[in-house]
Amino acid sequence: MNVVETRNLTFGYTATPVVEDVNLTVEAGEFLGIVGPNGSGKSTLLKLLLGLLEPDSGEARLFGEHATAFDDGERIGYVAQSVTTDTSEMPITVREAVLMGRYPHVGFGRITEDDRRKAREALETVGMSHLADRRVARLSGGQRQRTYIARALAAEAELLVLDEPTVGVDAESVAAFFELLADLHEFGLTVLLIEHDVGTVVERASTVLCMNREVLFHGSPDDFVESTALAEAYGATPKIMGVSE
Amino acid sequence: MNVVETRNLTFGYTATPVVEDVNLTVEAGEFLGIVGPNGSGKSTLLKLLLGLLEPDSGEARLFGEHATAFDDGERIGYVAQSVTTDTSEMPITVREAVLMGRYPHVGFGRITEDDRRKAREALETVGMSHLADRRVARLSGGQRQRTYIARALAAEAELLVLDEPTVGVDAESVAAFFELLADLHEFGLTVLLIEHDVGTVVERASTVLCMNREVLFHGSPDDFVESTALAEAYGATPKIMGVSE
Amino acid sequence: MLDAISGVVAAWQSLLGWFAAAFGIEMLQYGFMQRAILVGLCIGVMAPLIGTFLVHRQLALIGDALAHTAFAGVAVGLFVNAVFDTGVSPYLSAVVVAAIAALLIEVISEKTDVYNDVSMAIVLSTGFALGTVLISINAGGLAVGVNQYLFGNLATVSVENASLLLVLFALIVAVVAVAYKQLVYVTFDETAAKVAGLNVKWYNRMTAMLTALVVVGAMQIMGVILVAAMLVVPVAGAAQLARSFRGALLASIVLAELAVIVGITMAYEFEATAGGVIVLVAVAIYVGAVLIGKFRERRSDVVSVAESGQDESTAD
Amino acid sequence: MLDAISGVVAAWQSLLGWFAAAFGIEMLQYGFMQRAILVGLCIGVMAPLIGTFLVHRQLALIGDALAHTAFAGVAVGLFVNAVFDTGVSPYLSAVVVAAIAALLIEVISEKTDVYNDVSMAIVLSTGFALGTVLISINAGGLAVGVNQYLFGNLATVSVENASLLLVLFALIVAVVAVAYKQLVYVTFDETAAKVAGLNVKWYNRMTAMLTALVVVGAMQIMGVILVAAMLVVPVAGAAQLARSFRGALLASIVLAELAVIVGITMAYEFEATAGGVIVLVAVAIYVGAVLIGKFRERRSDVVSVAESGQDESTAD
Amino acid sequence: SGVVGSGSGDEGDSGPKAVASFFSFYDFARKVADGTPIEVENLVPAGLHGHGWEPDASVTRDIIEADAFVHVGEEFQPWADRAIRTVEDDDADTALVNVREGIDLIDIHASVGDDEAVGGGKDPHFWLDPERAKQSVENITEAFVDLHPDSESRLRENADAFAGVLDDINAEYQAIFDAADRRVVQLAAHNAFQYIGVRYDVEMHPLVFNLAASDDVKPTDMTRAKELVEENDIRYIGAAVFESRRPAEQILAETPVEAYFPVTPFAGVRKEWVEQEWGYTDIARKINMPTFEVVLGNKTPEEADHEDWRNFE
Ligand SMILES: Nc1ncnc2c1ncn2[C@@H]1O[C@H](COP(=O)(O)OP(=O)(O)OP(=O)(O)O)[C@@H](O)[C@H]1O
Ligand SMILES: Nc1ncnc2c1ncn2[C@@H]1O[C@H](COP(=O)(O)OP(=O)(O)OP(=O)(O)O)[C@@H](O)[C@H]1O
Ligand SMILES: [Mg+2]
Ligand SMILES: [Mg+2]
Ligand SMILES: [Zn+2]
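Chains as they are written, first to last, in the working numbering: chain A, 1 to 245; chain B, 1 to 245; chain C, 1 to 316; chain D, 1 to 316; chain E, 1 to 313.
In case anyone wonders, no lab produced these hints; they're calculated from the structure.
These numbers were taken from a predicted model, which means no experiment stands behind them.
Any given hint could turn out to be false.
Stated by the list, open to error - Straight-line distance between alpha carbons at most 25 Å, and here's what the computed DSS-like set of lysine-lysine pairs gives:
(1) D:Lys111 / D:Lys201
(2) C:Lys294 / D:Lys201
(3) E:Lys299 / E:Lys286
(4) D:Lys294 / C:Lys201
(5) D:Lys111 / C:Lys294
(6) C:Lys201 / B:Lys118
(7) C:Lys181 / C:Lys201
(8) E:Lys17 / E:Lys271
(9) D:Lys294 / C:Lys111
(10) D:Lys201 / D:Lys181
(11) E:Lys286 / E:Lys271
(12) E:Lys299 / E:Lys226
(13) D:Lys181 / A:Lys118
(14) C:Lys201 / C:Lys111
To be verified - The following label-pair restraints were derived from C-beta to C-beta distances:
(15) D:Leu258 / E:Glu313: 36 to 42 Å
(16) A:Ile111 / D:Leu2: 33 to 39 Å
(17) B:Gly64 / C:Ala177: 44 to 50 Å
(18) E:Glu74 / D:Ala11: 51 to 57 Å
As the list claims (entries may be wrong) - In silico contact screen, one side only, chain D against chain E (beta carbon under 10 Å); selected entries:
(19) Ala22
(20) Phe23
(21) Met27
(22) Met33
(23) Ala36
(24) Leu154
(25) Val157
(26) Ser158
(27) Tyr268
(28) Thr273
Each residue gets a CB set at the ideal place from its N, CA and C atoms; glycine is no exception.
Based on the provided sequences and hints, a complete structural model is requested.
Now the structure itself:
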């Protein structure tokens with residue numbers, strides 16, 4: 001059974017689609033890197049795959065089920081793009097936030113010592129143990145991003161969905177994070193990653209998806225480097241300072 | 001007169017300082033790159049320099065005035081880290097948001113055609129002209145970041161203060177943005193930039209500040225590459241996956 | 001000066017009176033209806049004007065909150081009069097206490113990093129509780145209901161009331177006209193506004209205190225429900241339709257005026273209380289706006305035609 | 001079943017009665033005071049319990065909003081009775097209309113992307129206006145004032161009232177105990193909760209409807225001011241003191257109970273209305289909490305000792 | 001007149017029209033106007049309390065188009081005060097009839113005499129005292145005479161006759177209170193009955209002293225009521241018809257009190273009363289008097305023929 005499977009997936013916030021006719025299959029154990037310019041629909045695609053948005057036409061399946069109906073939350077860890085600052089003043093500690101990654105496993109039951117240990121380990125992994133009792137609202141940008149990564153790790157999910165996870169994380173830690181991701185992938189996890197640094201994606205991912213509304217390339221990193229997809233994707237979007245003109 | 005000048009600047013959100021004893025001078029026309037690990041106090045330092053926070057001890061001066069009392073807004077363009085999503089549902093268009101960069105020039109007067117033109121140009125510069133009438137709330141992450149960059153550009157300020165401005169902006173555009181920044185700097189603007197990519201900073205900035213609570217290095221990029229400041233800065237912070245251990 | 005303003009009211013009344021005679025509109029022939037329409041139209045402009053800035057700072061319920069503190073204000077006035085044998089006007093104490101409350105809402109938000117609605121809830125609760133307690137411990141002195149100082153009614157607007165409202169109207173329109181840009185900036189992005197040299201605190205506090213003035217002043221003339229609702233409902237409707245902030249502001253005024261005119265007419269026909277009917281009409285218009293907005297978003301999508309990269313050349 | 005619960009109330013009363021006799025506490029010897037304390041303590045637990053989840057979803061003013069719709073509910077009930085000659089209990093119609101309103105608040109927020117406070121303001125305005133209009137067009141039929149159905153008072157809690165409140169209390173405590181984790185997740189991060197397989201909409205709606213039940217049920221017993229304030233004020237105070245969410249939840253209950261006990265005692269001593277005094281005491285406690293929080297933040301800063309990189313080895 | 005083309009009521013064969021803001025005075029006015037061309041109308045619909053009600057535009061219009069507006073004086077009905085301002089502002093030729101004119105009001109706590117008496121507030125509920133009510137009838141009569149001088153003799157006849165009825169009421173009350181051993185009455189109502197207390201020398205103990213916030217019972221109000229009931233061995237109390245029944249039920253539950261019976265300060269009327277065309281005197285005789293007989297211990301509820309009203313809804 002494929003982890004992710006879409007058929008003619010199309011969606012638009014308005015009448016114009018921002019994700020169009022995407023046919024995509026992600027097998028278990030795959031590491032899919034998604035690249036594309038700003039506004040090309042990458043985050044939207046992930047939301048569709050996770051069932052957070054209802055497609056206009058076509059369908060998205062997650063572990064064989066309709067994505068919008070899928071509720072087996074313990075199988076998925078998700079780090080959204082630019083995590084909400086909305087609930088900022090809620091007195092949630094880093095420890096509590098990371099522990100939430102365990103909630104899908106626990107359901108209505110009690111949190112066990114085992115859950116706590118796993119949360120602690122995830123915190124250690126992202127180097128945030130010393131801030132475990134700090135409120136999330138009182139963290140620096142990069143520290144907050146690490147907290148959300150830790151929550152996804154604590155979930156021990158089969159599928160890790162990461163939308164620009166290392167945004168704002170300092171350079172050395174970014175490198176370490178990608179090491180970790182490679183380890184997890186080797187260990188058998190399926191990973192979906194949006195990342196603007198094409199170099200990193202090509203180096204780490206087992207498959208690359210390049211999109212700009214439609215899929216422009218889907219295949220191995222080596223083929224991607226050879227292809228013109230990247231130029232195509234970016235060429236279709238205005239550049240800063242109009243470099244393309 | 002120096003653009004920025006601090007004397008024994010110290011500040012902590014709690015009793016423990018996160019910015020300690022910083023003595024810093026930025027001359028007109030300088031391009032200062034600030035690097036340091038997550039939570040090292042970079043954003044806090046910028047806020048102190050801009051007068052958004054009141055120092056616990058020491059002082060910060062902006063164009064010779066006390067930073068907290070400085071109100072000559074037209075001289076400064078600022079892009080904050082992970083721009084607020086709070087006012088998200090406000091029906092502000094990209095055009096209106098960028099035009100705000102002109103407000104300090106206009107004061108209580110009327111917005112002229114000249115102001116509109118400058119806003120339009122800034123929008124073009126960041127490649128967002130085609131989205132000028134979109135609500136800011138309906139943008140992708142990178143598009144929103146570009147909008148805020150455009151607002152800072154439209155301000156035609158003498159001092160540009162940028163806190164990880166290209167976070168979430170796609171790779172090609174990032175490159176173009178730094179070209180633009182170099183041009184502006186050449187043109188005489190003073191730039192303060194926080195950026196995790198040390199390579200970019202070393203390449204672009206005229207001066208580098210490396211900090212982790214205290215200033216660890218302040219000098220030319222060339223000297224910085226030679227120095228141990230970077231290792232020092234990052235060494236003092238836990239790594240993702242405990243790489244340092 | 002108030003004389004000059006009563007002159008304006010009188011001119012308006014003779015205009016409508018002439019209109020009534022010319023077209024045989026019964027409703028317009030009564031002086032009190034002429035004044036009701038005048039103050040209704042005024043609130044239809046000034047409430048959305050100030051409400052737009054409140055709603056987007058998540059202060060939508062400030063009208064309700066300040067109305068409750070006005071209750072405390074009246075109680076304080078009556079209490080002081082009873083205990084110290086003074087002659088403070090309860091109208092005045094209501095306005096003063098509400099203004100202090102508005103300031104408190106801002107200060108609590110500033111100092112404790114809470115959401116605005118928490119500071120409103122705290123101020124509302126305090127005001128309401130204070131009023132109740134003052135009344136209960138000073139039972140004998142408060143001869144007549146507090147309510148009479150609090151709520152007016154569109155069916156009984158006096159010339160003096162109408163003149164006072166015109167003054168409020170002029171004040172609000174003037175302030176927004178002068179400080180429009182500053183208010184937009186402060187509302188949209190406090191930090192950037194601060195860096196741009198604006199005194200954000202000061203603008204926020206000023207807006208809150210102006211709101212207190214409008215809410216308490218107008219609710220004594222035409223009832224709290226109308227004022228509190230007009231601050232929010234047309235603004236919410238306009239936000240569904242308009243594309244830009246300026247457009248939203250203008251649309252909210254248009255929607256509000258529509259609600260006022262339709263509402264007053266319907267209330268007259270069905271012999272119902274005008275404030276309530278206006279609000280219900282405004283809510284109906286809001287629902288319509290939401291539906292239109294949803295429909296338009298999915299269909300004729302003018303803006304996003306130029307959105308996808310390919311059509312770039314057609315943009316702007 | 002209600003009999004069994006009245007048994008609980010009776011047992012409580014004899015306990016306090018014995019207490020009163022043993023220690024000679026005058027206040028506790030009256031049956032109505034014993035019940036006042038019982039329902040006061042219950043609201044001191046259940047209001048912050050549910051309020052914590054409301055406040056952090058920016059629904060701090062939902063108590064106030066739902067109270068206004070309960071007004072509409074009573075008016076609807078009386079109106080229906082008058083027009084169709086039925087015998088609907090206005091208490092029931094109040095609860096039903098408030099529950100619908102609570103649902104509407106959620107649905108409006110979901111469908112129109114507005115802040116929660118805008119949907120609350122719209123629902124509040126609609127409810128209030130509807131009530132006013134119904135009363136005004138059907139004036140003759142509404143034989144008795146609407147108010148008597150709306151507001152209770154701590155000094156007049158009957159055994160039946162107290163039993164009803166115990167049921168509400170048990171319901172709230174049970175729901176929060178069972179779904180604590182889910183509620184926290186949904187409150188903190190809706191998107192992540194959705195991905196984690198939680199039915200976020202359903203949790204939000206359930207919370208809102210429970211709130212309607214508590215607000216309307218409890219305000220008919222002990223007054224709206226007390227209920228609406230207890231949802232927010234202790235929660236806001238606790239947020240200033242506590243470090244974790246669980247800590248904040250417990251602290252808010254402690255602060256609320258403190259306010260209830262001190263407030264009832266003071267109200268009895270100073271012959272003032274109990275609901276109002278409790279709220280004022282709660283506000284005073286809140287102010288204390290803010291000051292302590294500010295002081296602690298600047299001084300004894302246990303957590304951040306381990307914060308700066310250098311002390312890393314000492315952490316965790 | 002500022003009213004364009006207003007048919008001010010004199011057209012055709014219908015006579016001048018008077019509208020009243022309060023039930024009691026509507027009743028007085030129609031008694032006085034009986035048999036004359038003067039038409040009298042009540043503005044407040046049946047069932048509503050006199051204060052705390054908001055008129056819609058049709059009410060203001062009725063007042064403006066009427067020839068006389070019978071009201072209860074300032075500060076009692078806020079909406080009426082505002083309506084009067086409107087009448088003045090619109091230069092309408094509606095005659096304003098203040099029924100309270102020249103009547104001396106008692107201080108609010110005149111009969112309570114405890115240490116709570118603060119402030120100089122007056123008690124507005126003077127019409128509960130038949131003597132003072134007579135004076136308001138005179139005020140109405142004088143105004144109506146001005147309104148329709150042709151009917152002067154008939155108006156004065158009616159007024160005299162009605163004053164006689166009020167004298168009867170006075171005597172009946174007097175008899176009830178004279179017959180009683182007990183001099184205290186506990187009421188679960190707001191403080192509206194002091195005029196009866198002062199007139200007939202009996203202590204009226206309302207549950208809530210506050211005229212305004214009758215919803216707000218304090219803990220001490222309940223203790224005080226309880227003590228009074230126990231000290232005086234009270235078994236029946238009065239409860240206001242148009243107020244919340246909750247306090248009465250509470251006193252019932254907490255004290256030896258067995259039942260409550262209705263009293264009304266004539267603020268509103270029930271629909272049934274309107275259908276049976278009850279006026280002030282009917283209500284006094286059928287509601288208030290039997291209740292006072294019962295609560296003072298003169299008669300059992302059966303004897304007073306008041307059983308129907310035991311713990312009424
Ligand atoms: N709520 C919304 N309403 C309307 N349009 C939207 C909305 N959210 C996003 N869009 C538009 O949809 C398109 C795709 O957005 P999306 O967030 O998926 O882009 P992305 O590829 O993730 O970009 P980025 O790299 O900047 O994060 C963009 O053009 C964006 O402007
Ligand atoms: N409101 C706050 N209350 C308490 N501590 C805070 C608050 N905001 C930030 N901090 C702490 O202050 C320190 C410095 O934060 P700052 O945001 O300046 O870091 P930064 O260098 O910008 O990091 P990043 O690279 O992650 O953006 C961090 O340890 C952070 O946890
Ligand atoms: Mg994205
Ligand atoms: Mg930072
Ligand atoms: Zn009364």
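These are the hints, each one checked on the structure:
1. D:Lys111 / D:Lys201: 11 Å, holds
2. C:Lys294 / D:Lys201: It holds: about 20 Å lies between the C-alpha atoms, which stays within 25 Å.
3. E:Lys299 / E:Lys286: Judged against 25 Å, a Cα distance of about 15 Å means the pair holds.
4. D:Lys294 / C:Lys201: Judged against 25 Å, a Cα distance of about 20 Å means the pair holds.
5. D:Lys111 / C:Lys294: 9 Å, holds
6. C:Lys201 / B:Lys118: 29 Å, violated
7. C:Lys181 / C:Lys201: Holds, at roughly 16 Å.
8. E:Lys17 / E:Lys271: 24 Å, holds
9. D:Lys294 / C:Lys111: 9 Å, holds
10. D:Lys201 / D:Lys181: 16 Å, holds
11. E:Lys286 / E:Lys271: 15 Å, holds
12. E:Lys299 / E:Lys226: Between Lys299 (chain E) and Lys226 (chain E) the Cα gap is close to 22 Å, so the pair holds against 25 Å.
13. D:Lys181 / A:Lys118: Cα-Cα ~17 Å, so holds.
14. C:Lys201 / C:Lys111: 11 Å, holds
15. D:Leu258 / E:Glu313: 36 to 42 Å: 40 Å, holds
16. A:Ile111 / D:Leu2: 33 to 39 Å: 36 Å, holds
17. B:Gly64 / C:Ala177: 44 to 50 Å: 35 Å, violated
18. E:Glu74 / D:Ala11: 51 to 57 Å: Once the Cβ atoms are compared, 54 Å apart, the range 51 to 57 Å for Ala11 (chain D) and Glu74 (chain E) holds.
19. Ala22: Not OK, violated: Ala22 (chain D) not within 10 Å of chain E, min 20 Å.
20. Phe23: 18 Å, violated
21. Met27: 8 Å, holds
22. Met33: 6 Å, holds
23. Ala36: With Cβ-Cβ at 7 Å, under 10 Å, it holds.
24. Leu154: Hint holds; Leu154 (chain D) Cβ to chain E Cβ min 7 Å, cut 10 Å.
25. Val157: 8 Å, holds
26. Ser158: Ser158 (chain D) check passes; min Cβ-Cβ to chain E is 6 Å, inside 10 Å.
27. Tyr268: This hint holds: Tyr268 (chain D) lies near chain E, its Cβ roughly 5 Å from the closest one there, short of 10 Å.
28. Thr273: 5 Å, holds
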